[in-house]
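K.L.:
Spelled out from the first residue to the last, the chains are:
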Amino acid sequence: MLPTRDEMRRAQEARHGAALQEKFSAAAVAVCGLGGLGSNLAVALARAGIGKLILIDFDRVDVTNLHRQQYKAAQVGRYKTDALAENLREIAPYVELEPHCVRMTEENAAGLLREADVVCEAFDDAGCKAMLAGAVLERMPEKYLVAASGMAGLGSANEIRTRRLTDRFYLCGDGISDVEEAGGLFSSRVMLCAAHQAHAVLRILAGESDV
Amino acid sequence: MVRINGENMDMAGKTVAEYLAESRYDLKRVAVERNGRIVPRAEYGETVLADGDCVEVVGFVGGG
Numbered sequence: 001m002l003p004t005r006d007e008m009r010r011a012q013e014a015r016h017g018a019a020l021q022e023k024f025s026a027a028a029v030a031v032c033g034l035g036g037l038g039s040n041l042a043v044a045l046a047r048a049g050i051g052k053l054i055l056i057d058f059d060r061v062d063v064t065n066l067h068r069q070q071y072k073a074a075q076v077g078r079y080k081t082d083a084l085a086e087n088l089r090e091i092a093p094y095v096e097l098e099p100h101c102v103r104m105t106e107e108n109a110a111g112l113l114r115e116a117d118v119v120c121e122a123f124d125d126a127g128c129k130a131m132l133a134g135a136v137l138e139r140m141p142e143k144y145l146v147a148a149s150g151m152a153g154l155g156s157a158n159e160i161r162t163r164r165l166t167d168r169f170y171l172c173g174d175g176i177s178d179v180e181e182a183g184g185l186f187s188s189r190v191m192l193c194a195a196h197q198a199h200a201v202l203r204i205l206a207g208e209s210d211v
Numbered sequence: 001m002v003r004i005n006g007e008n009m010d011m012a013g014k015t016v017a018e019y020l021a022e023s024r025y026d027l028k029r030v031a032v033e034r035n036g037r038i039v040p041r042a043e044y045g046e047t048v049l050a051d052g053d054c055v056e057v058v059g060f061v062g063g064g
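Just so you know, the protein sequences line up as chains S and G, in that order.
Per my numbering, the first sequence starts with residue 1, numbered consecutively.
Per my numbering, the second sequence starts with residue 1, numbered consecutively.
Be careful, since some hints might not be right.
[Claimed, not checked] Chain S regions said to be covered by chain G (calculated; three or more residues, Cβ under 8 Å): (1) 31–41; (2) 121–129; (3) 134–143; (4) 147–157; (5) 163–172.
No wet-lab data here; the hints were simulated from the structure.
Remember, it's a predicted structure, so these values are computed and weren't measured experimentally.
Beta carbons are placed, not taken as given, at the ideal position from N, Cα and C, and that holds for glycine.
Produce the entire structure from the sequences given, and follow the hints as far as they go.
P.N.:
So, in structure tokens, the structure goes:
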């Protein structure tokens, strides 16, 4: 038996406080890229009771994703938007999901992100990260951007941090560990960075603007 | 002096575009913040760094 919507809401209120839960439930957050960062931070945000998650990715689940991304072996080959939506509905059945199975570009970004209060940049490609940062920060001044750069390798967990670069631009990661040079990606360190991003989102929604 | 990524540098009078080129940043992978505001990409060439400016250049790296 699934808990009812009211039961889940009351449980969230008991943990987060009713006033804060109201803010979380009223928010729409976009997750751009559903890989190691995006799939993990989407799980954290769904559990927190964010009202609406906009999930954007064009790719399919690959066997090489399973070591760090929130998919199951049986989901290999499926679109990440479909697979993650399925997993999130199992965890948090009353979160509203808006999946878009599409490659994000400078041209379609504004339309995809229209309803988002906070945009999470969770791509793996550095050029895509910069493209989205430019699109949001230059042309969507009412939205917050929580981006990530530098979480590859087996470096110290304590190097992953959150910085606030402008009043609406937060950046998580160690800033330097490039996947091309750092020797791969490890679930724990990628999840740390995703957790930093999810936590930044919750703090922004709570009105705690400092990092 | 201009404070760039936490270091004082003798860059007053140069444009953002000149600084990025000298420092060999890949323009397709950066975001530039100056005194708390984002510098739009189209304005790198005309944005002149001034004494006392505080600049942060984010050079995005891959992985996610």
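K.L.:
Can you confirm whether chain G covers the stretch 163–172 of chain S, using C-beta to C-beta distances below 8 Å and requiring at least three such residues?
P.N.:
Holds: 5 residues of the stretch 163–172 of chain S have a Cβ under 8 Å from chain G.
K.L.:
Using a Cβ cutoff of 8 Å, are there at least 3 residues of the stretch 134–143 of chain S near chain G, or does the coverage claim fail?
P.N.:
Held - the stretch 134–143 of chain S has 3 residues with a Cβ nearer than 8 Å to chain G, which meets the minimum of three.
K.L.:
Count residues of the stretch 147–157 of chain S with a Cβ under 8 Å from any Cβ of chain G, then say if the count reaches three.
P.N.:
holds (count 6)
K.L.:
Tell me whether the statement that chain G covers the stretch 121–129 of chain S is true, taking a Cβ distance below 8 Å and needing three residues at minimum.
P.N.:
holds (count 7)
K.L.:
With a Cβ-Cβ cutoff of 8 Å, does the stretch 31–41 of chain S contain at least three residues near chain G?
P.N.:
Result for this restraint: holds, n = 5.
Comparing the model with each numbered hint stated earlier shows that all of them hold.
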